[in-house]
Amino acid sequence: MALQMTTIAVSEFPWAREQQALRTLNRLAQFHRAWSSRLISGAIGCRSNEAMSLLWFLYNAKVVNPMLVIYHKHEDTNSSPPTLYRDFFQGPPLLPFTCDICGEVVTNEDELSYDLEFVFTDKVSFSI
Amino acid sequence: MPIDAFIMRHAGGVPFLQSFLQSQDFEKDSLKTIARRLGITPGNRSRDLLAHDIVYELQQQDWQAVHLTEIVRQLLRKRKPWMSVKTGSIGNIFSGGNPHDLLFRDGDAIWYGPISDPEYDPEANWYIRPHFIKHGEVASDKKTIEQVYIRWLCFARVTNDTLSLHWRGFSHLPIENDIDVEVSSTHNIQYGYWYQVPPFFEEIENYLQAKVEELNLQQVVLHRLWNGYLKQPGYEWKHRRIRAESSGVSINAHAGSRSILELEGQGISHLASTIRIAVALEMQERYSITLPDPSYFDDIILRTIIREYGALSYEFSLKQHGKLIFRAHSYFGDKTEKPSQDSFPHMRLIEVDELSQLAFLLAHAE
Chain P
0 MALQMTTIAV SEFPWAREQQ ALRTLNRLAQ FHRAWSSRLI SGAIGCRSNE
50 AMSLLWFLYN AKVVNPMLVI YHKHEDTNSS PPTLYRDFFQ GPPLLPFTCD
100 ICGEVVTNED ELSYDLEFVF TDKVSFSI
Chain A
0 MPIDAFIMRH AGGVPFLQSF LQSQDFEKDS LKTIARRLGI TPGNRSRDLL
50 AHDIVYELQQ QDWQAVHLTE IVRQLLRKRK PWMSVKTGSI GNIFSGGNPH
100 DLLFRDGDAI WYGPISDPEY DPEANWYIRP HFIKHGEVAS DKKTIEQVYI
150 RWLCFARVTN DTLSLHWRGF SHLPIENDID VEVSSTHNIQ YGYWYQVPPF
200 FEEIENYLQA KVEELNLQQV VLHRLWNGYL KQPGYEWKHR RIRAESSGVS
250 INAHAGSRSI LELEGQGISH LASTIRIAVA LEMQERYSIT LPDPSYFDDI
300 ILRTIIREYG ALSYEFSLKQ HGKLIFRAHS YFGDKTEKPS QDSFPHMRLI
350 EVDELSQLAF LLAHAE
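Keeping their order, the protein sequence lines are chains P and A.
Quick note on numbering that gives the first Met the number 0: the first sequence kicks off at 0 and runs consecutively.
Quick note on numbering that gives the first Met the number 0: the second sequence kicks off at 0 and runs consecutively.
In case anyone wonders, no lab produced these hints; they're calculated from the structure.
Treat the hints with caution; some may be incorrect.
[Claimed, not checked] Facing chain A, a subset of chain P residues (Cβ under 8 Å, in silico):
id : residue
1  : A42
2  : P80
3  : F88
4  : G90
[To be verified] Calculated pairs, DSSO-like style, for lysine-lysine (alpha carbon to alpha carbon, straight line, at most 27 Å):
id : chain 1 : residue 1 : chain 2 : residue 2
5  : A       : K318      : A       : K85
6  : A       : K133      : A       : K337
7  : A       : K230      : A       : K322
8  : A       : K133      : P       : K72
9  : A       : K27       : A       : K79
10 : P       : K72       : A       : K337
[Claimed, not checked] Label pairs and their computed distance ranges (CB to CB):
id : chain 1 : residue 1 : chain 2 : residue 2 : range
11 : A       : M282      : P       : Q29       : 18 to 28 Å
12 : P       : Y84       : A       : S170      : 44 to 54 Å
13 : A       : S88       : P       : V104      : 48 to 58 Å
14 : A       : S88       : P       : A60       : 32 to 42 Å
15 : A       : E118      : P       : P65       : 49 to 59 Å
16 : P       : D109      : A       : R347      : 17 to 27 Å
17 : A       : N159      : P       : F56       : 31 to 41 Å
18 : P       : T120      : A       : G233      : 41 to 51 Å
Cβ coordinates follow ideal geometry from the N, Cα and C atoms, glycine included.
Based on the provided sequences and hints, a complete structural model is requested.
Structure below.
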C-alpha cells in the first residue's frame with residue numbers, strides 16, 4: 000500500500016526555520032525511513048535534545064513510531080548491526096534471548112546497548 | 000609490556016615521588032627542565048637517573064615550594080590527547096587540595112588546585128583530580144597476577160567562559176583480586192574513562208558554580224569547520240574515519256595511517272569516488288549518460304556518509320599551506336542511555352598540541 004504524503008509545519012523549532020535546514024529535513028525524509036536524533040543533529044548542526052524534540056513532535060503528529068534498537072556488544076568489533084527492534088513502549092526484551100548476529104544467549108543486561116529510532120508511517124514533507 | 004599509566008608501588012614520601020617522576024606522567028624533556036632548574040646538568044641521563052637526581056637535589060634544597068610547583072607545571076604540560084569541552088560562564092575559582100600533595104602520596108578523591116602556568120597557558124587555571132583504578136600485573140613469582148592500583152589523573156582547564164577536561168588514555172587488566180596467571184586472560188583493555196569524566200564534570204561544575212553547556216561538536220565540526228575549510232584554497236581537509244549507525248546499518252570506515260588510501264592522499268574520499276565510478280560506469284553502459292562533474296557527486300556521497308547517516312564519531316585532519324593545524328577524532332556523544340565512548344561529547348586530539356587545537360575549536364564555536 001502506498002504511503003500517503005503528510006506535510007508537517009516545523010515553524011515552532013527555531014533551528015528548523017532556516018531554508019537550508021528545511022531543505023535538509025526534506026532531503027533526509029526522502030531517503031531515511033528511520034530517524035534518530037543524531038541523524039538530524041549531524042545533518043543540520045542543531046543540538047541532540049533539539050532534534051529529539053522534533054522526533055517526539057512527529058510522533059505526536061502520528062507520522063512516526065518510536066522503536067527501541069537493541070545492540071549486543073561484541074568484543075571483536077567496534078560496531079555491529081542491531082540484534083533486535085522493539086516497539087519503544089514495550090521496553091527492553093526479557094532475558095535470556097539468543098542474539099541473531101552471533102548466536103550467543105544473552106543473559107546479562109550489561110551486554111546490551113540501546114538506541115532510539117523513529118520509523119515513518121507516512122511520507123512526510125516539511126514546511127514552515 | 001609496561002602500561003602507559005602510573006602504578007603506585009609506594010605508600011608515600013620520597014620513594015613515591017621518585018617513582019612518580021619515573022612514570023609516563025612526565026615527559027623526559029620535562030624531567031630535564033626540572034633538573035636544570037635545580038642546577039643539575041641533565042646530559043644523557045636516563046629517565047630513572049634523572050628522577051633519582053632530582054629527588055636528591057630537592058632534599059638538598061629543603062623541598063622548596065618553587066621547585067615542587069615547577070614539577071606540577073611540568074605534569075600539566077604532559078600531552079593529554081583526550082578532551083571534553085563545555086562553554087558558558089564560570090562563577091568562581093575555588094581552593095582545592097594542595098597539588099604538591101600529589102607528588103608525595105596517592106591523594107584523595109578531590110580536586111587539587113588551582114594551578115597557574117603563565118608560560119604554558121596564561122589565560123587558564125588548572126585543577127587535577129586523581130582517580131584510582133585496579134589493575135592486574137604479573138607478580139615477580141610469575142605464577143600469580145596481583146592487584147595493584149593505577150593513579151589516573153584528570154585535568155580541568157578553567158577560563159572565564161570555558162571548562163574543559165583533559166586526560167590520557169591507557170589499557171589495563173581490570174581484576175578484583177590476585178589470580179593465577181594460568182586462569183587469567185592477560186589481555187589488556189581500554190580504560191573506560193566514560194564512567195568517570197561525566198561525573199567529574201558534575202563535581203567541578205558545582206565547585207566552580209559554572210553554568211556551562213557541552214560544546215555542540217556536530218555543529219562545530221560537521222558544519223562550521225566543514226563549511227569554512229573544506230575545499231578552500233590553501234587548506235587540505237582529509238576525511239580519516241567515520242563511524243555511523245542508521246536504520247540498522249553500521250558504518251565503520253577508517254583510512255589507516257599506512258594504507259594505500261593514505262599514500263594516495265585520498266582517505267575515505269576514495270570510498271566515495273569508488274561508489275561514484277561504479278554508478279557512472281553503469282549509467283554510461285546502460286543509459287549512455289555521462290555523469291557530469293565527478294567531484295560534485297563525490298562530495299554528495301561524502302556528505303551523505305559523514306553528515307547524513309547518523310555519525311557516532313568522525314575524524315578529520317586539516318592542513319593550512321601544508322602545515323597540520325588540526326587533527327581530531329570527535330565522538331558526538333549521542334548514545335546517552337548507557338556509559339560508553341559514545342555517551343558524551345569528547346575528542347581525541349592527534350599530533351598537534353591540545354591547547355592550539357582547543358583554541359581553534361573555540362574560535363569556531365558559538
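Any hints from earlier that this structure breaks? Give me their numbers in increasing order, please.
Result: hints 3, 4 and 12 break, sorted rising.
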